[in-house]
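Colleague: Using the sequences and the hints given, assemble the complete structure.
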Amino acid sequence: MKLTRIRIEQFRQFRQPLQIAGLDPGLNLFTGPNEAGKSTVVAAIRAAFFERHRSGSVDDLRPWGDASASPTVELDFETGGVAYRLSKSFLVRKRCTLSSGAQQFDGADAEDRLADLLGFRHAGRGASAAEHWGIPGLLWIQQGTAHDIRDPVAHATDHLRTALNTSLGEVASSGGDAVTDKVEALRNELLTPANATPRGPYKEAIEIEAGLAEEIAALDADIAAYRNKVDRLAALRREHEADDAEKPWLALRAQEQAARRKFDEAKALGARLGEAQQRARRIEDTLALLHSQLERHGTEQSEVEQRRAALSAAEDKLTAAQATAQQWQRRSSEAAARHDAARQALNRARQRDTRATLARQLDELTRRRDAARATLAQADTEAGRLRSARQQMAATELRSADLATLRAQQQDIRTLRLRQEAAATRLRFTLDDGRVIRIGEEGLTGQGERLLTEATAVTLPGLGRLDITPGGADLADLGRQEAALLDRHAALLARLGVGSLDAAEARLHIYMQHQADAQTAEAALKARAPQGLDALRSDLAMLEGRLAEVTQSLARLAGASDDGLALPSVNEAESQEEAARASAADAAKQRAAADIAAANAQSAVDAALRELRSAQAMLDAPERAARLAAAQRALNEALAGQAVAAADIDALTAQCRDARPDILQQDITRFGGSAEQLERSASLRRDELTRLEVELQTAGAQGLDERRAERARDHARAARRAAELRRRASALDHLLTLLRSHRSALTRRLQAPLQKHLDRYLQLLFPNAKLDIDDQLFPGAMMRADFNGAESGCFEEFSFGAREQMGVISRLAYADLLREAGRPTLIILDDALVHSDDERLARMKRVLFDAATRHQILLFTCHPENWRDMGVAARSLEALKAA
Amino acid sequence: MLKLLHTADWQIGKLYGQFEPDDAALLAEARFAAVERLAQLASVQGVHMVLVAGDVFDAQGVAERTIHRLFNCLRGYVGPWVMIPGNHDAALSESVWTRAARLGAIPPNVTVCLAPGAVQFDALRVAVLAAPLTQRITHSDLTSAFAATDSPAGFHRIGLAHGSVQGILAEGIDSSNPIAAGRAAEARLDYLALGDWHGCRQVDARTWYSGTPETDRFRANDSGRALIVEIAAPGAEPVVTPVVTGQYRWLNERATLQVASDIDVLLERLATFGHVDVVQLMLDGETDLAGHARLRDALAQTQGRVRSFTADLSALRIAPTDDDIDALAADGYLGDVIAELRTLQGSGDGKAETARDALVLLAGLLRDRCTSDGGAS
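Here the protein sequences line up with chains A and B, keeping their order. All letters in the first sequence, in the order written, are residues 1 to 883 by our numbering. All letters in the second sequence, in the order written, are residues 1 to 377 by our numbering.
It is possible that part of the hints are untrue.
Claimed, not checked - Derived lysine-lysine pairs resembling BS3-like cross-links, with alpha carbons at most 25 Å apart:
hint, chain 1, residue 1, chain 2, residue 2
1, A, Lys756, A, Lys770
2, A, Lys756, A, Lys845
3, A, Lys203, A, Lys182
4, B, Lys351, A, Lys203
5, B, Lys351, A, Lys182
6, A, Lys317, A, Lys589
By construction, these hints were calculated from the structure, which means they are not laboratory data.
Modeller: In structure tokens, the structure reads:
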């Protein structure tokens, strides 16, 4: 379909007629700023086609405020090789004509004819709505709706499908979808849609089957237990019958009794053995008693003998002891005598030595006394000398402090004189020869000088007298000081007994000499008598005393002098005396010991004698013989009894050993225990039998096998049903899968032409991209490969700009499809693609230019600069309005 | 002349899990009815004695009610019943028999031989040598004691045992409870009545398996019988007459569908089955959708007619023809799906069965659609 001319009058802003003629069969570009009337042109075209001329709902078409207007649109177009003119007026003057050559349709006829031609519908009542618009609704893109494609496609689906089927010339399944839906519904009764897990009756059947299988398993267990009990019962019965028949514990009890009897016999034997042993022990005791009795009689006899022998032995010993004692008495006397002699010799030797010593002491003392006397005399002399030196010293003593005072006073006096001289009035005189003056009493001649320290009268002979009073206030004071000092000096000199300082100095010298003398004398005295004279004197006295003493001692010894004898030395005498004393002591000790031994021997002899007498007395007792005979008789009897008892014991011991009572005891335990064991197990078995019988009767009453058979029957049925449903479910599932895959394969085949057109544009927009078309012929997932790798997404997920671009190219593809099916195609783009960036817009321009080679495209834009490169001149609406 | 009724393997208390519960209940009930008929038969035939050679009960643990019911079923014959336990109801220390005795359910005319030995019926001049099973399984021949068991002179010697006669049954089967071949002759028996084998079978001139009086499995040949045994005099060879006592026929059918007419043959065969038939059908081969639909309808009809019916179609392939697909109006991708399912049927694994089920389902859905469309138009 191609529009060739548009004329609009009294239509919204176009109160005056607007005519656009000479429209290009390809691309037509209309430009104008906002409000220039682009959308009004589009609205006029839409109204001309879609709105019934009689519609009362089109008030918005008239110019604002012009109630008398009749909005009119006149269109010239060509489709299917036939030229048409459509003229439509609304509201005040409602009119519609469609003419083609000589043919003309009016009113509703014209409108219906138009709808058939272009593939849309009219609204039954009121204003036309999107669902009526069909093919034009899809291809005429209103401002800002290019991205919205789902609804327009839906409204045009029938036309598109028809176009596809026509182009394919193929008949799609007439009821395939209904069958598929039915299969899906049936399948979903048995399987969940998502996971294909059993549900509904199928699940129920599986559960019933499983439940029955469980019941059967439980019954099987019960039956197995029942059978085991039956077997156990049989075994118990057999054992019970065997026991009843044999009663094995009876034999064991008999054996136990026998063992017990034997054991009792053995026990009696043991008792008898014990008795025999006791009897033997009693006899032994008696024997021992008798033996000791007889022994005692024998001992009494021998004891007398022994005592006698002992006595004589003791007497022998006494004799020997006494001999020894006598011998030692003699020897001891001799030793004592020898000791006395040695002692006397020693005394004499000692006296001799004492005398010699005293004599030596006397000599020594005499010599020392003489020496002491001499020393004392010398010391006395020295002492006298010292005394005199000291007397001299005392006479000349002058203390050096006093001397120093004297010297200081002398110095002070000199100093005072000098100060007086300094302060004194110096009177120098030079007198002519022979002339004399007097100063005071002194006459002066010649020349000289005098110092005047006090008022002095100078008599100038012949001239008078000069009273000269020296100036200086202190001169008098100095004079006084000097006088005081001179007094003190004179007093000191007087006290010291010297006339002057020089005399004092001389006296000190003398004193020093005396002092040296005293020191010399003192040293000499010290040498003679270090402890002083008195010490010397007492030493002398002491020596005198001792001398007297020694002399006396010597005198006393002089009487016993036996120096003429040849006496041994004291040491020798001492050792001889020592030896003699030891020998005497030893002899004395031996003698004492011998005496004691002799005394002991004597008392032993006495004791032996006593014992002998007493033993003899016992032996001589009168009743002793009778007792001895009786004991002998008793002994013989006891010996006989012992022999009998020993034989008894031997016999009984042998019997006991053979009887083995310990083993018999074990036999009793063993047989008794075994019998008891058997009896108990028999009793337990009886109990168990009873219990089992009751249990089995109870269990048997339940009819387990029959119940199991019933369950098995039910289970078999449930299993059959589950299997049937499983087969049905898998068949349905399989069938559904097949139906879907075949359906989608068919859909793909059907949509191939559309896909082809779409791919053509898509490659211009996105090279290497692939866009699916779904069952509803709606763009679905797109796969794109770019430098980021492959990505895929749904139409709804694209950006607004991309959706707009995809919306446009999809519509172009539909247009191609419709055109191939011989349907009219007119594409109107009102301010489309305003959201595209420059690069995309450039690609879209190639797309549009390509589409314009097959379809008429009316493109309205307020951005003429964007579309300069479309190879067509832009028509400015403002220019058209002005024309 | 001595006249006996020989029966065995009543298997009272047996349930049939492989069938639907209603059918199974009737089949279980039929076993009691069979015993009642045996009592009837014994009375009518005027036999001197009924011999039951083991497996009276199917299990030890049957319900008390079942025990009572069984012995009540014997009331139709007041003569002596001689029973031995078999492997299913062996005379264990505690068994269905001791329970029955405790319950007081056993009528006085019933002799249960719980221990091996001879039971003498002086009036009849019969000694019954019984070899009851006292264990669930024995590997020794319990009848070996028969020869050494004496009977009064002039008495009939009748053996009663339960087990497998050696050498005549299928080889390789572990024959527990063995019975030596030629036992009747060896033990000087006039007749040896055996149980355990559910089909009626003669072993030798004096030895028979009576089989079960009511068939209980598909593979038991000649079951559902009892034997009338007539012995002219001790030592005389018995005259044995099988009598049908079973109520139901157990049929194990197989069919292979190859050409369209095979279905017709099968349907004719199915039409012959009646209300006393217990049928098990196994099909293999191939059919088209139309044939399958016919088959399905016929199977449903048979199901309603016979006592019990189970059909195994797992080996049958469905091969839809172009006509089928046209008839189902399976255009577009539905046609493709049918084609793929047809191919998948040929694959060897479990997918084949799933594919066949899916195909049947799809065909069903399409047919329903056509029908509703047709109904609407």
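Colleague: Hint compliance check: list the failing hint numbers for this structure, sorted ascending.
Modeller: Hint check: nothing fails, all pass.
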